[in-house]
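Enquirer: Take the given structure of chain A and dock chain B to it, following the hints.
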Amino acid sequence: MTRPSIRLRSAGALSLIVTLIWLGTALVTARLLTSELDEVFDSSLQETGQRILQLAVVDVLGREEEGVTQRVMALDEHEEYFTYIVRDDRGRILLTSHRADPARFPAFSDTGFHQADDQRFYHESAVSGTVALTIAEPLSHRREVAREMALSLALPLVVMIPLSIAGIFYGLGYGLRPLVQLRAQLARRGAKDLSPLPTEDMATELRPIADTLNQLLARLDTAFAAERSFTANAAHELRTPLAGALAQVQRLRQTATDPESVRRAEEVEATLKRLTRLSERLMQLARAEGARLLTDTPQDLRPILRIVAGDFAQGADAGRVTLTLPDTPIASDIDPDAVAILARNLIENALRHGQGPVAVTLDPQGILTVENDCPPILPDDLAALSGRFVRGKDAGDGSGLGLAIVHTIAERIGSPLRLASPLSGKSTGFSASILLRGTPYQEPSR
Amino acid sequence: MRILLIEDDRVIATALREQAEGEGHSVDWAARLDEASEALATTSFDLILLDLMLPDGRGLPFLRSLRAKGSQTPVIIMTALDQVSDRIEGLNAGADDYLVKPFDLSELSARIGAVARRYSGNPNPLIILGELSINLADRRVTKATRNIPLTAREWVLFEAFLQKPGQLLSKPQLEERLYSFDAEVESNTIEVHVSHLRKKLGAMVILTERGLGYRLGPA
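Read top to bottom, the protein sequences are chains A and B. Just so you know, we're using full-length UniProt numbering here: the first sequence kicks off at 1 and counts up by one. Just so you know, we're using full-length UniProt numbering here: the second sequence kicks off at 1 and counts up by one.
Okay, chain A solo, but in the shape it has when bound (with noise of 0.2 Å):
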């Protein structure tokens, strides 16, 4: 599973925390807005109440009568928010808008505002007391308005919160294209390629990246060049020792006149002989194993199979070996010596369980094929042999690690082994057959 990338998660939180900030804004100035127009609304009620009582108490003194309620007319039909009741000191209504409803008028003593059921009140009383005015406002009016200002701050954000989302998740596409840069230098370069990514343009959080990237890959080409280095000396030293030791006793072997002594000579150069390769093949695996196998200038592959070819024309199987090669050079990064051990690993295998002539094929396309005659191989062996560390079952002496260094060096190369039998077109025969180009560096899958 893979993680979210940086820009999506970076843009998520920011998104929900510029969110966040714009909502909690509207909501503290729809707040403030809320109780500054509280004032102004409580303001205008005190000033119409105080304008009214004046009225009133004007109307009242001049009546007859005293006592009687009276309702004002509306003189036109409007939407009224104001309504108010005028009372005497005994609690006779004088005087009502002609809305009010005087049950929903609670008698106040104290001049002022007061609220209670759902409206808003201001008290006041004139001529010591005689009459007193209560005005009334709902509070429903002023929540209206108040929620109408706070959708109208809320509206923008509609607009704005997308946009600062979209801003945000651009802003660090382009903030992070160094990155990305990053990436498809790395990406670029050949699975050979060990030199040090340059610095000196790098962004500073990616310098200490790139810096210890450096680092590794310095370390990796000390690592594979000692490895290479130990391969080839201990192969020197190990050679040395057998190659006194072996010549000295096929010596032995043509001079000893008795036949004790010659059949001894031969066991101990028979030993030698198995000691040698085996401690070839060690070797191989180990520079199949761990040393670097492509190379940075691409060889020719056609004298690395002459040589090796070549290697097989002398001795007890001369003559068994032929080698096809296209007429124009065929150019490979494969280390050269990582092919010759797989050429001479497959010659070998073919040489010790064919019979007959052994055909070394190299094909235009950079194919190598090994052929040799042989019974058929069930598949189900064939699928064996294709595993690593198997032996044939005929194997002989055989040490049981050519085809597990060839089978290594193939997968290290990305270039599948394919074993065949019976050859095509015939009822006998085995092939292996392993493309030989080199690795063009692929995109890594992500």
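Simulated from the structure, these hints should not be mistaken for laboratory data. Fair warning: this is a prediction, and the values are worked out from it, not measured in the lab. C-beta atoms are modelled at their ideal positions from N, C-alpha and C, and glycine is treated no differently. A hint or two may mislead.
Some chain A residues close to chain B (C-beta under 8 Å, calculated; not the full set) [unchecked claim]: (1) Ala235; (2) Gln250; (3) Arg251; (4) Pro303; (5) Gly315; (6) Ala316; (7) Thr324; (8) Ala340.
Just a sample of chain B residues kept apart from chain A, beta carbon distances all over 10 Å, derived [claimed, not checked]: (9) Ala15; (10) Gln83; (11) Arg111; (12) Thr142; (13) Thr208.
Expert: For chain B alone, kept in the frame of chain A given last:
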């Protein structure tokens, strides 16, 4: 053939030397490059067997400088460096052949023979000379299907003529060939062997240039 063996490992060197001398070559052994340079300055060799890792330096630069100086002497590299890249480098430096240690002594003999034949201009080990059929690889001479046995010394001398057909070979040149058999070559040794060869192979096989030396005849 006069062979210069450049090899620091005494065990290997003695076995190689014995082997080559057993086949009638004369071998000078140098354990270091400076000894080898000295030998090359004073003597002309027909073949150099060169090890690559020597106590006083590497064989490849030595070979390169030898070729740079215009030396035509065939060189077979013998080395424990088994990598193909080393071998390609060796061949590019001017080696004629490359043997990876450990190797069979018989393979060394075969390669010496092959390189010598290539240098004589005829890589084919079979030579037809009049009625004679000569196999350089097997060291066998047949005349009308009849095998003619030659002694080791007779063979070494005969081979010297076969490798340089038509060329005049002086008595000291021929004596040099026989150094591996005797510490001292007696004054009439060459005459004795030439007369044996004529008796076995035919009077016209070796011609005498009076006062100068011998050359291969039409047989």
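Enquirer: All the hints need checking, so say for each whether the structure fits it.
Expert: Each hint, compared with the structure:
no., hint, verdict
1, Ala235, "holds, 6 Å"
2, Gln250, "holds, 5 Å"
3, Arg251, "holds, 5 Å"
4, Pro303, "holds, 6 Å"
5, Gly315, "holds, 7 Å"
6, Ala316, "violated, 10 Å"
7, Thr324, "violated, 19 Å"
8, Ala340, "holds, 4 Å"
9, Ala15, "violated, 3 Å"
10, Gln83, "violated, 4 Å"
11, Arg111, "violated, 8 Å"
12, Thr142, "holds, 22 Å"
13, Thr208, "holds, 37 Å"
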